[in-house]
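Engineer: In case you want the letters, here they are:
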Amino acid sequence: AQSVTQLGSHVSVSEGALVLLRCNYSSSVPPYLFWYVQYPNQGLQLLLKYTSAATLVKGINGFEAEFKKSETSFHLTKPSAHMSDAAEYFCAVKSGGNQGGKLIFGQGTELSVKP
Amino acid sequence: EAGVTQFPSHSVIEKGQTVTLRCDPISGHDNLYWYRRVMGKEIKFLLHFVKESKQDESGMPNNRFLAERTGGTYSTLKVQPAELEDSGVYFCASSSWTSESYEQYFGPGTRLTVT
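As you go down the protein sequences, you meet chains Y and H in turn.
Just so we're aligned, residue 16 is where the first sequence starts under the working numbering, counting upward by one.
Just so we're aligned, residue 930 is where the second sequence starts under the working numbering, counting upward by one.
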């Protein structure tokens, strides 16, 4: 069975500091991994995705994530936090091998950015 | 191109009443998913339609929940009768078979409160 664990339900950083949101997955097959972001009062927006093409994935708004098979991790990073990055972030793995499989989400990490 | 839309955005009902949530996927997307996030918990899969057929309904909590997708276009999720534990945010997502990354596009969600 596949699963996702996000370490830390709340992360607080200062503006300009490094953002690191942790995600570990469990999967018996090569995974498809995603990071979604939910800004206040909005739906989930795809930040980036890993589909086995490259281990370092770049997404929108300056975020990137590195797939590390040996560590079963897919941590999300951004070199310099902006106030506008304050939101909740979700890591997800797509189940099964077919195109239409469901997403299995982590618990979510709420990011706060201090001025 | 319009995104995934959901109606209503908020619904407050009393225990025992019936509520129907609606989702309009992105035009041309054959895959439609329902997810739910109960307060403080992770986003959980409810079911997956391929066109008008239920591909996977393993996440439906019980027989008080009924999902339909008439003609393979929009979908409705009916809760009858509603219980207190049904409160949460219900998300709809859609994806296309032609998407090489199998990414799902989410709607803004319907916040359901059962009192």
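Read the hints as simulated data drawn from the structure, not as lab findings.
No residue lacks a Cβ here, since even glycine has one placed at the ideal position from N, Cα and C.
A couple of the hints might just be wrong.
[To be verified] Estimated spans, in silico, between C-beta atoms of each pair:
no., chain 1, residue 1, chain 2, residue 2, range
1, H, W1026, Y, S43, 48 to 54 Å
2, H, G969, Y, N76, 36 to 42 Å
3, Y, T87, H, P990, 28 to 34 Å
4, Y, T87, H, E997, 21 to 27 Å
5, H, V967, Y, S41, 20 to 26 Å
[Stated by the list, open to error] No farther apart than 27 Å at their CA atoms in a straight line, the calculated lysine-lysine pairs in the BS3-like style are these:
no., chain 1, residue 1, chain 2, residue 2
6, H, K1007, H, K983
7, Y, K64, H, K970
8, Y, K83, H, K973
9, H, K1007, H, K970
10, H, K980, H, K944
11, H, K1007, H, K980
12, H, K983, H, K970
13, Y, K64, Y, K84
14, Y, K64, H, K973
15, H, K944, H, K1007
16, Y, K64, Y, K83
17, H, K973, H, K983
18, Y, K64, H, K1007
19, Y, K129, Y, K73
20, Y, K84, Y, K73
21, Y, K84, H, K1007
22, H, K970, Y, K129
23, H, K970, H, K944
Engineer: Given the hinted pair K84 of chain Y and K1007 of chain H, is their Cα-Cα distance within 27 Å?
Structural biologist: 41 Å, violated
Engineer: Can you tell me whether the CB distance of T87 of chain Y to P990 of chain H sits inside 28 to 34 Å?
Structural biologist: Because 29 Å falls inside the window, the suggested range holds.
Engineer: Using the Cβ atoms, figure out if T87 of chain Y sits within 21 to 27 Å of E997 of chain H.
Structural biologist: 38 Å, violated
Engineer: Within a Cα-Cα threshold of 27 Å, do K64 of chain Y and K83 of chain Y meet the stated pairing?
Structural biologist: Judged against 27 Å, a Cα distance of about 14 Å means the pair holds.
Engineer: Would you mind confirming whether the straight-line C-alpha gap from K1007 of chain H to K983 of chain H stays at or under 27 Å?
Structural biologist: 15 Å, holds
Engineer: With a cut-off of 27 Å on the C-alpha distance, tell me whether K973 of chain H and K983 of chain H pass.
Structural biologist: 17 Å, holds
Engineer: At the C-beta level, are G969 of chain H and N76 of chain Y separated by a distance inside 36 to 42 Å?
Structural biologist: 27 Å, violated
Engineer: Falls inside 20 to 26 Å, the C-beta gap from V967 of chain H to S41 of chain Y?
Structural biologist: Given range 20 to 26 Å: holds, Cβ gap about 22 Å.
Engineer: Given the hint that K970 of chain H pairs with K944 of chain H, does the C-alpha gap stay at or below 27 Å?
Structural biologist: OK: K970 of chain H and K944 of chain H at ~21 Å, within 27 Å.
Engineer: Does the Cβ distance between W1026 of chain H and S43 of chain Y fall inside 48 to 54 Å?
Structural biologist: Check failed, 24 Å falls outside 48 to 54 Å.
Engineer: When you check the alpha-carbon spacing of K83 of chain Y and K973 of chain H, does it fall within 27 Å?
Structural biologist: 25 Å, holds
Engineer: Straight-line Cα separation of K970 of chain H and K129 of chain Y no greater than 27 Å?
Structural biologist: 25 Å, holds
Comparing the model with each earlier hint shows violations of hints 1, 2, 4, 10, 18, 21; every other hint is respected.
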